[in-house]
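Chemist: Sequence:
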Amino acid sequence: MFGRLCVFTRQLSTRRTAQSGFVGRGLEEFFENSQRLPISRDQTGRAWSASELRQKSWEDLQKLWYVVLKERNVLASQLEETRRLNIPGKFFSNKSRVIKCKKSMARIKTVLNERRLAWDEAQKTAPPQ
Numbered sequence: 022m023f024g025r026l027c028v029f030t031r032q033l034s035t036r037r038t039a040q041s042g043f044v045g046r047g048l049e050e051f052f053e054n055s056q057r058l059p060i061s062r063d064q065t066g067r068a069w070s071a072s073e074l075r076q077k078s079w080e081d082l083q084k085l086w087y088v089v090l091k092e093r094n095v096l097a098s099q100l101e102e103t104r105r106l107n108i109p110g111k112f113f114s115n116k117s118r119v120i121k122c123k124k125s126m127a128r129i130k131t132v133l134n135e136r137r138l139a140w141d142e143a144q145k146t147a148p149p150q
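Numbering-wise, the numbering used here puts 81 at position 60 of the sequence shown, and it's gapless, one number per residue.
For the record, the hints were derived by calculation from the structure and aren't laboratory data. Don't take each hint at face value.
Keeping only pairs whose Cα atoms sit at most 25 Å apart, straight-line, the calculated SDA-like set for lysine to any residue is [to be verified]:
id: 1; residue 1: K91; residue 2: K121
id: 2; residue 1: K130; residue 2: Y87
id: 3; residue 1: K84; residue 2: N94
id: 4; residue 1: K77; residue 2: L90
id: 5; residue 1: K124; residue 2: Q76
id: 6; residue 1: K77; residue 2: K123
If you anchor each label on the Cβ, the simulated ranges turn out as follows [said to hold, decoys possible]:
id: 7; residue 1: K124; residue 2: P148; range: 35 to 43 Å
id: 8; residue 1: R104; residue 2: E142; range: 43 to 51 Å
id: 9; residue 1: L106; residue 2: R136; range: 39 to 47 Å
Source: prediction; values computed, not measured. The C-beta atom is built at its ideal place from N, Cα and C for all residues, glycine as well.
Given these sequences and hints, build the entire structure.
Modeler: What follows is the structure in structure tokens.
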């Protein structure tokens, strides 16, 4: 029964494992390095700026959106794990990483909206054919 369920769920998967080399791991994807909580604090980067995002293609922005979304899901999983284990916030907090993710996602949406508005304006000013 379980074997048939695994085969069925693999058929439903929308991931391209052969082309991208990505192999889905199920629930492990919600945790960093397959750990419920990180052992040490790693240095993280900064949020993406709007000027950097304006130089990206539509495909790159879409990929980046899902990378940042996955990061937010990982951080949300860690937050729930700290609540479940009753770990005080002063000992474990990823608030700065959550803020960076939210800023990056907001800036991606801003850039996409700017492109949409420019497209609409170009369609209005273009002569009818």
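Chemist: All hints, please: hold or fail.
Modeler: Okay, the hints, checked on the actual structure:
| no. | hint | in the structure |
| --- | --- | --- |
| 1 | K91 / K121 | holds, 13 Å |
| 2 | K130 / Y87 | holds, 12 Å |
| 3 | K84 / N94 | holds, 15 Å |
| 4 | K77 / L90 | holds, 18 Å |
| 5 | K124 / Q76 | holds, 17 Å |
| 6 | K77 / K123 | holds, 19 Å |
| 7 | K124 / P148: 35 to 43 Å | holds, 40 Å |
| 8 | R104 / E142: 43 to 51 Å | holds, 47 Å |
| 9 | L106 / R136: 39 to 47 Å | holds, 43 Å |
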